[in-house]
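K.L.:
Whenever a hint applies, use it, and build me the whole structure from the sequences.
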Amino acid sequence: MTSAGSGLTLLQTCALSLLVFTGASQFALVGALAAGGNPLTAAAGAFFLGVRNAFYGLRLSQLLALPRAVRPFAAQWVIDETTAVALAQPTRRATRIGFAVTGLSLYILWNLTTLLGQLGAQAIGDTAAWGLDAAGPAVFLALLAPMLKTTTERAVAGLAVLLGLGLLPVLPAGVPVLAAALAAPAVLCLEGRRRGTSRGHARVDDASDAEGSAAGGSDAEGEEAR
Amino acid sequence: MNTWIAIGATAVGCYAVKLAGLLVPAGALERPLVRRLAALLPVALLAALTAQQTFPDGHTLVLDARVAGLGAAAVALVLRAPFLLVVAAAVLVTAGVRAMGG
Numbered sequence: 000m001t002s003a004g005s006g007l008t009l010l011q012t013c014a015l016s017l018l019v020f021t022g023a024s025q026f027a028l029v030g031a032l033a034a035g036g037n038p039l040t041a042a043a044g045a046f047f048l049g050v051r052n053a054f055y056g057l058r059l060s061q062l063l064a065l066p067r068a069v070r071p072f073a074a075q076w077v078i079d080e081t082t083a084v085a086l087a088q089p090t091r092r093a094t095r096i097g098f099a100v101t102g103l104s105l106y107i108l109w110n111l112t113t114l115l116g117q118l119g120a121q122a123i124g125d126t127a128a129w130g131l132d133a134a135g136p137a138v139f140l141a142l143l144a145p146m147l148k149t150t151t152e153r154a155v156a157g158l159a160v161l162l163g164l165g166l167l168p169v170l171p172a173g174v175p176v177l178a179a180a181l182a183a184p185a186v187l188c189l190e191g192r193r194r195g196t197s198r199g200h201a202r203v204d205d206a207s208d209a210e211g212s213a214a215g216g217s218d219a220e221g222e223e224a225r
Numbered sequence: 000m001n002t003w004i005a006i007g008a009t010a011v012g013c014y015a016v017k018l019a020g021l022l023v024p025a026g027a028l029e030r031p032l033v034r035r036l037a038a039l040l041p042v043a044l045l046a047a048l049t050a051q052q053t054f055p056d057g058h059t060l061v062l063d064a065r066v067a068g069l070g071a072a073a074v075a076l077v078l079r080a081p082f083l084l085v086v087a088a089a090v091l092v093t094a095g096v097r098a099m100g101g
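Keeping their order, the protein sequence lines are chains A and B.
Position one of the first sequence corresponds to residue 0 (numbering that gives the first Met the number 0), numbered consecutively onward.
Position one of the second sequence corresponds to residue 0 (numbering that gives the first Met the number 0), numbered consecutively onward.
A portion of the hints provided could be inaccurate.
[To be verified] Which residues of chain A face chain B? A partial, calculated answer using Cβ under 8 Å: (1) Pro136; (2) Ala141; (3) Ala179; (4) Leu187.
[Claimed, not checked] Across the chosen pairs, the derived CB separations fall in these ranges: (5) B:Ala15 with A:Asn110: 15 to 25 Å; (6) A:Gly191 with B:Asn1: 35 to 45 Å; (7) A:Gln88 with B:Met99: 44 to 54 Å; (8) A:Gln61 with B:Met99: 53 to 63 Å; (9) A:Arg193 with B:Gly95: 38 to 48 Å; (10) B:Trp3 with A:Leu181: 26 to 36 Å; (11) B:Trp3 with A:Gln121: 12 to 22 Å; (12) B:Trp3 with A:Thr149: 34 to 44 Å.
[Unchecked claim] Derived coverage of chain B by chain A (criterion: at least 3 residues anywhere in the stretch with Cβ under 8 Å from a Cβ of chain A; other residues may be distant): (13) 10-20; (14) 30-37; (15) 40-53; (16) 69-78; (17) 83-93.
Derived by calculation from the structure, the hints in this document are not laboratory data.
Since the structure is predicted, the reported quantities are computational estimates derived from the model, not experimental observations.
Glycine residues also receive a C-beta, built at the ideal position from the N, C-alpha and C atoms.
P.N.:
Structural data, given as structure tokens:
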């Protein structure tokens with residue numbers, strides 16, 4: 000859908016949906032390429048977004064207990080949605096069915112809508128005039144929003160925004176996003192240190208943090224500078 | 000050609016991590032710190048991507064109709080609208096602001 004405005008051909012867009020099949024990574028790759036990024040930096044950003052699927056796989060392999068020969072085929076369907084459905088099932092049989100049904104239907108739907116979206120965009124012509132260039136960031140925001148559950152996640156997001164925008168003028172296209180990924184280990188490290196020094200006050204700290212969540216990003220930035 | 004390299008690298012990389020999760024014995028990656036980091040990486044990347052694609056025009060920070068569109072998406076998210084409606088809100092508001100000469 001969004002890739003139409005960024006110079007990818009119909010074949011390239013469909014190949015992306017068929018072969019990569021993990022939404023956030025696809026949008027990230029397309030966005031980075033559109034910004035004129037180096038193909039390998041673009042792929043690296045998309046890859047890091049896909050790393051979470053490995054952890055879904057860990058949970059799923061215990062629940063599904065698939066034979067080794069089947070695993071390479073099941074792997075392509077290890078994504079957010081299939082994991083969510085599979086984890087919610089009470090029995091192994093239901094887990095397997097849930098995983099397979101969700102995987103198959105999503106795979107077909109996702110690739111069909113990719114094709115239709117791409118054909119539609121070609122028919123429209125100038126995607127910017129229709130506001131379609133806003134679809135990219137809106138998709139990222141929609142994927143991000145459910146992840147922002149605690150102060151830690153908000154701090155990571157805030158710091159990543161600062162890094163991503165701040166480094167934009169000085170680094171080549173695609174690299175600032177990778178640099179922004181460092182917000183995750185940075186905040187984790189800070190969090191660990193704080194827990195180490197003030198274990199007794201942890202509960203109080205958390206409560207006050209939640210109140211100042213809007214300032215979470217700048218907080219983390221300030222503490223890092225010290 | 001460059002695009003195909005990027006697509007190939009992404010496809011191989013993303014498939015490899017999915018498969019790794021299924022094949023690696025549980026316990027090897029099951030450490031709490033690794034798990035936390037893997038959960039936070041997408042947060043950082045998605046936040047940076049959202050910000051970058053909303054504001055910058057190449058290498059400078061420019062405010063345009065997309066900001067209004069993203070604001071609409073944020074409102075839709077707060078109202079717990081479904082995914083497609085969120086994206087549609089962003090697209091429609093951006094197009095509307097542009098049509099009004101924004």
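K.L.:
Next step is simple, just say for each hint if it's right about the structure.
P.N.:
Hint-by-hint comparison with the structure:
1. Pro136: Holds: closest Cβ of chain B sits about 4 Å from proline 136 of chain A, inside 8 Å.
2. Ala141: 5 Å, holds
3. Ala179: Interface hint status for alanine 179 of chain A: holds (3 Å vs cutoff 8 Å).
4. Leu187: 6 Å, holds
5. B:Ala15 with A:Asn110: 15 to 25 Å: 21 Å, holds
6. A:Gly191 with B:Asn1: 35 to 45 Å: 40 Å, holds
7. A:Gln88 with B:Met99: 44 to 54 Å: Holds - the Cβ-Cβ distance for glutamine 88 of chain A and methionine 99 of chain B, about 49 Å, lies within 44 to 54 Å.
8. A:Gln61 with B:Met99: 53 to 63 Å: The hinted range 53 to 63 Å holds for glutamine 61 of chain A and methionine 99 of chain B, with Cβ atoms some 55 Å apart.
9. A:Arg193 with B:Gly95: 38 to 48 Å: Roughly 45 Å apart at Cβ, these two residues keep to the hinted range, so it holds.
10. B:Trp3 with A:Leu181: 26 to 36 Å: 29 Å, holds
11. B:Trp3 with A:Gln121: 12 to 22 Å: 20 Å, holds
12. B:Trp3 with A:Thr149: 34 to 44 Å: 40 Å, holds
13. 10-20: It holds, with 9 qualifying residues against the three required.
14. 30-37: holds (count 5)
15. 40-53: Holds: 14 residues of the region 40-53 of chain B have a Cβ under 8 Å from chain A.
16. 69-78: Satisfied; 4 residues make the cut.
17. 83-93: The restraint on the region 83-93 of chain B holds, since 8 of its residues have a Cβ under 8 Å from chain A and three suffice.
Comparing the model with each numbered hint stated earlier shows that all of them hold.
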